[in-house]
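Count along the sequence shown starting at 1, add 110, and that's the number in our numbering.
Derived from the structure by calculation, the hints contain no laboratory data.
Some hints could be false.
As the list claims (entries may be wrong) - Distance windows between CB atoms, simulated: (1) E288 - A263: 32 to 38 Å; (2) G399 - S327: 42 to 48 Å; (3) P358 - S327: 47 to 53 Å.
Don't be surprised by glycine CBs; every beta carbon is placed ideally from N, CA and C.
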Amino acid sequence: MLFLVLHLVGNAAFTLLVRFARSARFDYATVGTMNYATGALIGGAILATSDGPVAWTWTPEAIIGGAVNGAQYQLTFLLMHALIGLGGIAVATSVLRLAIAVPVIASLFIWHEPVTAVQISGLLMATFALPLLSGVNPNALLTGTVVNAPSRARVALIVIVTLLVTGAGLLAAKVFAEIGRPAERPLYAASAYLTATLFSLATWKWQPRGEGRYSTSGRIRSLALGAFTGMVNLGQLSAFLPALATVPGVIAFPLAAAGGLLCTTLGGWFFFRERLTPRHGTGLALALGSATLMNIG
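Build the full structure now, drawing on both the sequences and the hints.
Okay, structure coming up:
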């Protein structure tokens, strides 16, 4: 249970650090690239010190699956910038949690796995939660987080794209879990973080920036925050694997989904004084129930 708690706290801390990176003192793009570069370096070191011939078998499922996951990491990082600005960290995290619907549906049609009535209930709740989450939080307009409110259609498009992109990464992890071997996990992680780093550099021109890029101290702060964020990110992911080995999945997955969302929401209120509108609050409650139900399988 200790590893599961570490995962919940680490996951919430990572999301809050991403929210922190949006402030004017930092450069969001630099934080993101350094975050993934740190993960790639640590993942590469783990791979280099892995014992056994399987760890050095460069299998396509580990490399390709990790690459898809890594591309999703960077795209989601960019989309989170927009979502946090529109609705706050609670809304952004809710959408990310609802992305579990993609591998759940894929399990039904690709692997013909039975989808339980509980998971179907979670999918139905997600259909009600998404429209409620697809709106600009008026508090963001008051605080200047959003200067010009985009149309509802544009916000809905950002939410849907985030859902599909994040779901694609979860699906890649699902495919690897089905056909890969546990000893290939270091290669998968190294491929994911290396791809995320390269993809971050490739999309540099279109990334949101921050005032921190204009000063030496701001660039140093951004690099330091990115390195710390990368270590937290890799740490929470690493804690989840032993958690699954000690806590039954029927408890670990729902608790991770619900607990992570609650911790992040409370952190957004405590550290950034983010307030939910009744509409977003209702959507958050539905997303909380939906993510919990869909993770029970």
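Consistency of beta-carbon spacing, S327 to G399, with hint 42 to 48 Å:
At roughly 44 Å between Cβ atoms, S327 and G399 fall inside 42 to 48 Å, so the hint holds.
Is 47 to 53 Å respected by the C-beta to C-beta distance linking P358 and S327?
48 Å, holds
C-beta pair E288, A263: status relative to the range 32 to 38 Å that was hinted
37 Å, holds
Hint compliance for this structure: every hint is met.
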